[in-house]
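Asker: Protein chains in written order, with the working numbering: chain H, 93 to 209; chain G, 218 to 328.
Just to be clear, a hint being listed does not mean it is correct.
[Claimed, not checked] To give an idea of the chain G side of the interface with chain H (calculated C-beta under 10 Å), a few residues:
#1 P225
#2 G233
#3 P251
#4 D266
#5 A280
#6 F318
Just so you know, the hints here were simulated from the structure itself, not pulled from any lab data.
A quick note: this is a predicted structure, and the numbers were derived from the prediction, not measured.
Ideal placement from N, C-alpha and C gives every residue a C-beta, glycine not left out.
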Amino acid sequence: DVKVTQSSRYLVKRTGEKVFLECVQDMDHENMFWYRQDPGLGLRLIYFSYDVKMKEKGDIPEGYSVSREKKERFSLILESASTNQTSMYLCASSLWASGRVKDGELFFGEGSRLTVL
Amino acid sequence: GENVEQHPSTLSVQEGDSAVIKCTYSDSASNYFPWYKQELGKRPQLIIDIRSNVGEKKDQRIAVTLNKTAKHFSLHITETQPEDSAVYFCAASKGDDKIIFGKGTRLHILP
Numbered sequence: 093d094v095k096v097t098q099s100s101r102y103l104v105k106r107t108g109e110k111v112f113l114e115c116v117q118d119m120d121h122e123n124m125f126w127y128r129q130d131p132g133l134g135l136r137l138i139y140f141s142y143d144v145k146m147k148e149k150g151d152i153p154e155g156y157s158v159s160r161e162k163k164e165r166f167s168l169i170l171e172s173a174s175t176n177q178t179s180m181y182l183c184a185s186s187l188w189a190s191g192r193v194k195d196g197e198l199f200f201g202e203g204s205r206l207t208v209l
Numbered sequence: 218g219e220n221v222e223q224h225p226s227t228l229s230v231q232e233g234d235s236a237v238i239k240c241t242y243s244d245s246a247s248n249y250f251p252w253y254k255q256e257l258g259k260r261p262q263l264i265i266d267i268r269s270n271v272g273e274k275k276d277q278r279i280a281v282t283l284n285k286t287a288k289h290f291s292l293h294i295t296e297t298q299p300e301d302s303a304v305y306f307c308a309a310s311k312g313d314d315k316i317i318f319g320k321g322t323r324l325h326i327l328p
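Next up, chain G with everything else stripped away, as it sits in the complex (with noise of 0.2 Å):
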């Protein structure tokens, strides 16, 4: 089945600073590739997804890039603020209703 690797587990940037996380899949079949956010506390929540007919989507400070030949996707943050704070986590679907997750990474961002 689907294998969904993320590094780093953790991340710690200076306010202002970017923040990349690198996730990569194992199933070449996967089309579908959402991050969720997940604030201390609380429930994960989408943030951005991508689709595997593009190569890059962008929402404000946000950005996910897919390379499908190397079956691996990044998130990108930029200008990060201390609501960045969280674990994000990377999945992959290829389609049949499975979501599998990453590991999750923690990102603190520092004043």
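The shape of chain H in the complex, shown without the other chains (with noise of 0.2 Å):
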């Protein structure tokens, strides 16, 4: 089975705080992704990165950084926590597929539920 771990299931942060929140997963993916889930909003899509060191923006990039020094491990950053930011963050992971169709199936962590006072 597919592990997607995320580090922190319930963090709270102040206004201005640098916050990190770290993913991990086993299976050796190529892709990995973090998106946001707000009521009515849906999964939005913040970055992702098909390979080391490689990153591409979502749809709403805004505000946070990432960071892929390892294959298994993906990382997103806030480098000043705004009201506006607290949300639950979802990391997820999928393999490369072969041939020129890259998508395939996401693989969630538990979710990272960050409050920003």
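Assembling the complex is the task here: the two chains are given apart, and the hints tell you how they should meet.
Answerer: Now the structure itself:
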């Protein structure tokens, strides 16, 4: 079974703090993703990475950055947390499909619920 | 970029009846359409997917249909059961590794 582990289930931070959300997958997947989930807004893509040290912006990258130094680990960084970043953050990974079709099943972590006061 | 619209946002059906959730997408280059189910307090999990070279796919009580011309796809759940209560997300991808989700449908199965 694929296992995607997010380091913290619940975090409470103060406005202006730097926040690190860590995600580790154990199935040697090439692709990793960070989504945020808000009621009524679904799952919105923040950043994704298809290889070590590679990153691509998703739909809502503002206020976030990412780091992928090792294949199994993908970190989401909030340089200066703000109250509008209070949300559930979901990490996911997927296998690089063969050929030109690069899509594949997303395996999600349990989520990290961040509250910014 | 791709935009996925999903309707309805909430759906209540009697146990044993069928449920249908509909999605539209904007990018005609999209070629992969997965559906994810998220039970309360749990992570989303893939339940069925369809690629653009087929029009319909079925797996026991769930089926997905795709109309490429109209750019819409639908999830059909027959003989609904209490364990079908969850939030369902449709998504679309055009093979560049970005999977874009709809806003979700909360399905309630009424006893």
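Asker: Look at each hint and say if it fits the structure.
Answerer: Results of checking the hints against the structure:
Interface hint status for P225 of chain G: violated, as the beta-carbon distance to the closest one in chain H is roughly 13 Å, over 10 Å. At about 28 Å, the closest approach between the beta carbon of G233 of chain G and any beta carbon in chain H exceeds 10 Å, and the interface hint on this residue is violated. Proximity of P251 of chain G to chain H holds as hinted, the smallest CB-CB distance being about 7 Å (cut-off 10 Å). For D266 of chain G, the suggested interface contact is upheld, since its CB lies about 8 Å from the closest CB of chain H, less than 10 Å.
Because the beta carbon of A280 of chain G sits about 18 Å from the nearest beta carbon in chain H, more than 10 Å, this interface hint is broken. The interface hint given for F318 of chain G is met, as the beta carbon of that residue sits about 4 Å from the closest beta carbon of chain H, less than 10 Å.
Taken one by one, the earlier hints fail for this structure at numbers 1, 2 and 5, listed in ascending order.
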